[in-house]
Amino acid sequence: MRFNRLSSRRVIDLVDVSKRYPGAGESFAVRGVTLHVADRELMAVLGESGSGKTTLLKMINRLVEPDTGAVRVFDVDVKTRDVVELRRTIGYVIQNAGLFPHLTIGDNVAIVPRLLQWPATKTAARVDELLELVGLPSAAYRERFPDQLSGGQRQRAGVARALAARPRVLLLDEPFSALDPITRVALQEELRRIHRDLGLTTIMVTHDLVEALTLADRVAVMLRGELRQVGTPAELLNAPADEYVARLMGMVRGQAEQLDTLLGARE
Amino acid sequence: MSELGALVRGVPPLLASHLELALIALAAGIAISLPLAIVVAHRPRLSAPVLVVAGVIQTVPGLALLALMVPLIAKTGGLGVGVSAFGFSPAVIALTLYAILPIVRNAITGLRGVDGAVVEAARAMGMTPGQILRQVELPLAAPVIAAGIRTATVWTVGAATLATPVGQPCLGNYIFAGLQTRNWSMLLTGVVAAALLAIALDALLGMTERALASRDRRRVLVPAGALVILVPVVLFALPALASPRGGHEPTYNAVASKGVRPPVTDIRIGGKTYTEQYILVEALRQRLERVGIHVEVVQSLGSTVVFDALDKGDIDAYVDYSGTVWTNLMRRAAGPPRWQILAEVEGWLAREHHVRSMGSLGFENAYVLATRRDTAERLKLRTLADLTARAPALAIGGDYEFFSRAEWASVRAAYDLNFARTASFDPTLLYDAVVAGRVDVVSVYSSDGRIAAHDLVVLEDPAGALPPYDAMILLGSRIASSPRVQCALAPLRGALSVDLVRRASLMVDRTENKSTPQAAATWLLEAAHVHDDDCSDAPP
Numbered sequence: 205m206r207f208n209r210l211s212s213r214r215v216i217d218l219v220d221v222s223k224r225y226p227g228a229g230e231s232f233a234v235r236g237v238t239l240h241v242a243d244r245e246l247m248a249v250l251g252e253s254g255s256g257k258t259t260l261l262k263m264i265n266r267l268v269e270p271d272t273g274a275v276r277v278f279d280v281d282v283k284t285r286d287v288v289e290l291r292r293t294i295g296y297v298i299q300n301a302g303l304f305p306h307l308t309i310g311d312n313v314a315i316v317p318r319l320l321q322w323p324a325t326k327t328a329a330r331v332d333e334l335l336e337l338v339g340l341p342s343a344a345y346r347e348r349f350p351d352q353l354s355g356g357q358r359q360r361a362g363v364a365r366a367l368a369a370r371p372r373v374l375l376l377d378e379p380f381s382a383l384d385p386i387t388r389v390a391l392q393e394e395l396r397r398i399h400r401d402l403g404l405t406t407i408m409v410t411h412d413l414v415e416a417l418t419l420a421d422r423v424a425v426m427l428r429g430e431l432r433q434v435g436t437p438a439e440l441l442n443a444p445a446d447e448y449v450a451r452l453m454g455m456v457r458g459q460a461e462q463l464d465t466l467l468g469a470r471e
Numbered sequence: 004m005s006e007l008g009a010l011v012r013g014v015p016p017l018l019a020s021h022l023e024l025a026l027i028a029l030a031a032g033i034a035i036s037l038p039l040a041i042v043v044a045h046r047p048r049l050s051a052p053v054l055v056v057a058g059v060i061q062t063v064p065g066l067a068l069l070a071l072m073v074p075l076i077a078k079t080g081g082l083g084v085g086v087s088a089f090g091f092s093p094a095v096i097a098l099t100l101y102a103i104l105p106i107v108r109n110a111i112t113g114l115r116g117v118d119g120a121v122v123e124a125a126r127a128m129g130m131t132p133g134q135i136l137r138q139v140e141l142p143l144a145a146p147v148i149a150a151g152i153r154t155a156t157v158w159t160v161g162a163a164t165l166a167t168p169v170g171q172p173c174l175g176n177y178i179f180a181g182l183q184t185r186n187w188s189m190l191l192t193g194v195v196a197a198a199l200l201a202i203a204l205d206a207l208l209g210m211t212e213r214a215l216a217s218r219d220r221r222r223v224l225v226p227a228g229a230l231v232i233l234v235p236v237v238l239f240a241l242p243a244l245a246s247p248r249g250g251h252e253p254t255y256n257a258v259a260s261k262g263v264r265p266p267v268t269d270i271r272i273g274g275k276t277y278t279e280q281y282i283l284v285e286a287l288r289q290r291l292e293r294v295g296i297h298v299e300v301v302q303s304l305g306s307t308v309v310f311d312a313l314d315k316g317d318i319d320a321y322v323d324y325s326g327t328v329w330t331n332l333m334r335r336a337a338g339p340p341r342w343q344i345l346a347e348v349e350g351w352l353a354r355e356h357h358v359r360s361m362g363s364l365g366f367e368n369a370y371v372l373a374t375r376r377d378t379a380e381r382l383k384l385r386t387l388a389d390l391t392a393r394a395p396a397l398a399i400g401g402d403y404e405f406f407s408r409a410e411w412a413s414v415r416a417a418y419d420l421n422f423a424r425t426a427s428f429d430p431t432l433l434y435d436a437v438v439a440g441r442v443d444v445v446s447v448y449s450s451d452g453r454i455a456a457h458d459l460v461v462l463e464d465p466a467g468a469l470p471p472y473d474a475m476i477l478l479g480s481r482i483a484s485s486p487r488v489q490c491a492l493a494p495l496r497g498a499l500s501v502d503l504v505r506r507a508s509l510m511v512d513r514t515e516n517k518s519t520p521q522a523a524a525t526w527l528l529e530a531a532h533v534h535d536d537d538c539s540d541a542p543p
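Listed in order, the protein sequences are those of chains A and B. Per my numbering, the very first residue in the first sequence carries number 205; after that it's consecutive. Per my numbering, the very first residue in the second sequence carries number 4; after that it's consecutive.
Rather than coming from a laboratory, the hints here were simulated on the basis of the structure. There's no promise every hint is true.
[Claimed, not checked] Once the Cα atoms are required to be at most 20 Å apart in a straight line, the calculated SDA-like pairs of lysine to any residue come out as:
#1 A:Lys283 / A:Arg235
#2 A:Lys283 / B:Pro132
#3 A:Lys283 / B:Thr131
#4 B:Lys517 / B:Ala498
#5 A:Lys283 / A:His240
#6 A:Lys283 / A:Gln299
[Stated by the list, open to error] Computed beta-carbon distance windows for the label pairs:
#7 A:Gly458 / B:Ala216: 28 to 38 Å
#8 B:Leu224 / A:Pro341: 29 to 39 Å
#9 B:Ile202 / A:Asp351: 27 to 37 Å
#10 B:Ser217 / A:Gly454: 47 to 57 Å
#11 B:Ser87 / A:Asp351: 25 to 35 Å
C-beta: ideal position from N, C-alpha, C; glycine also.
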């Protein structure tokens, strides 16, 4: 029922977008997808590899241009916006963070503020603030290089970097899939907290069923480039729209029942 | 020890021009290669042909690439912009081409090696393509690019030694002259100096490379600072220390306006790459310095380069041979008598090139075929006609050019010579080859003292298939009319007998009790009783 707390204003609209990559023949990476993401909503896009979920995400910051259809952010068609300026207003986090290996953590986080020519003192203060926010105390981590950090710490730094210029939209592409389960759960909770505290509108691409269902306000399920169902975790579990979604939810239920059995046996 | 001391004192100016040549070629190579690599790195359709072309250039042997530049520049009118085909320009262009491959190849590899996820993150953060290149791709590729520049540096410093024959002074001067006059300490001095230069630059660039690969980019300042200090020291301070007179820069651009002849105070003398030429250059220098003319010497020029250099005014004088001009430049066949060829050559030079001949020095340096005395006796060889029947069982050796020269075709046709094998040698090693029996007949030079020293028998040429080679001083148009130059050089006309020249050459070539070309020239002028006119009244 978390969805009910959200305002109904839409921040991101993908309207009937399709994409076919050159050389891929007749097969679509994304086909006829329409998806609306509301203000302050955390949307998970769930799918197997090759389902088109990353392509869909990249249409929002124009790393991929759709062949047909329209993408709007805050009611403005992204095609009408300068691509460089657009991207500087949207946070983006990828698997393994994509930190620049030749720059310190502090300099990595400061990239977008410096591109926007913030004053040096403002940038420095923002870097400190963000590193604290993601749990990397600035004094200890600012001067370190990415390869001196653990995978989880790098991912935290990646989130800090994405948030540097106070974007209102955050895109995450498999941000936690390379992490060990304990680190992953800790980071998922922190993401949830940051998302809520900063009032972000967040889209997270994932192939992890449990992550999608436990973290997101709503989940969009994709298969072979097409959107199969969008709904709250409860809606997906209770009213799967088709056999594919039903099978996915069945897997989650099966796991949950096994856990219950284990817990029951202990008691 | 004093000989070595003199050699070492001669190094700084050569080292300076060597370094200058190598650094300018490298800078040009980097300026061409880096933008090229940036443009083609992510375009496989473009990068493949670029790498193929650069690779093909690389496979051309360095000496050939340098030598090719001379006719290429000359034939295209200085590449269309009047670039000189002599000295610095052809050398720097060839070395630049040579430096391109390692830099381009490494830069492409380095740029392609940048993690795609990092570049995508950069794009997603709103970096422009230029910002991604400068702030992400180039810094991350820098260690690999630096390694390419390092490779190119070592190659270029090594290949720059080959700039001597196109008229660019460099450490190759010691190597070519040392090899030709069997002066091994001179040869080694040149080699060691070039090697030390390459090692020093390699070490500095190695430090740069490691600094770039490390976190602390400030470490780059150490090797960069060392370069900033070292390069000017080698280029300016060392040569100034070595020649305290210094600062004397002759100007060669004095263009004669009609009817007014500028006085001749400076002369640049050229010489080819063999002992006799090193001695004759010194003899000319001594004669000209005696009358107060400042002389600069450009030694070890390729034989195709030296005439063009005189023709273009890059040098003012050198000694050539009538037969060389006759066959190579005038493209005429042997046949006319010696006096007629000399006269026609002198007329042609004056008419076609405004080049003045000072007349024959008095000796010939012709191609002759010779054998060991025991071979001659065993096979009863006296003339080239006696070789006709024997040649199919014999091997013949010649210098690098002999077998492609008109003289070889002519002598083969005249005597129907079909040797079992031909072998090319460096002239220095030619005598060793025949003495050791690796070849039976050699083409050598009639004024060479080593013919007698090795007791070789020269085979007579009754058919006159080999043209005459009267040695003659050639003067370029700038100095051709100078009375003082005439006064200084005229006593040499007809003064040098072939016997004296042979003895002077042998003084330099022999292994024991060697003379320098300077000392041999002094001896030659004295032994020939070249008299000293008072030239002080002759206008410069």
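Okay, the hints, checked on the actual structure:
| no. | hint | in the structure |
| --- | --- | --- |
| 1 | A:Lys283 / A:Arg235 | 19 Å, holds |
| 2 | A:Lys283 / B:Pro132 | 18 Å, holds |
| 3 | A:Lys283 / B:Thr131 | 17 Å, holds |
| 4 | B:Lys517 / B:Ala498 | 24 Å, violated |
| 5 | A:Lys283 / A:His240 | 17 Å, holds |
| 6 | A:Lys283 / A:Gln299 | 26 Å, violated |
| 7 | A:Gly458 / B:Ala216: 28 to 38 Å | 51 Å, violated |
| 8 | B:Leu224 / A:Pro341: 29 to 39 Å | 31 Å, holds |
| 9 | B:Ile202 / A:Asp351: 27 to 37 Å | 33 Å, holds |
| 10 | B:Ser217 / A:Gly454: 47 to 57 Å | 54 Å, holds |
| 11 | B:Ser87 / A:Asp351: 25 to 35 Å | 53 Å, violated |
In this structure, the hints that do not hold are numbers 4, 6, 7 and 11, in rising order.
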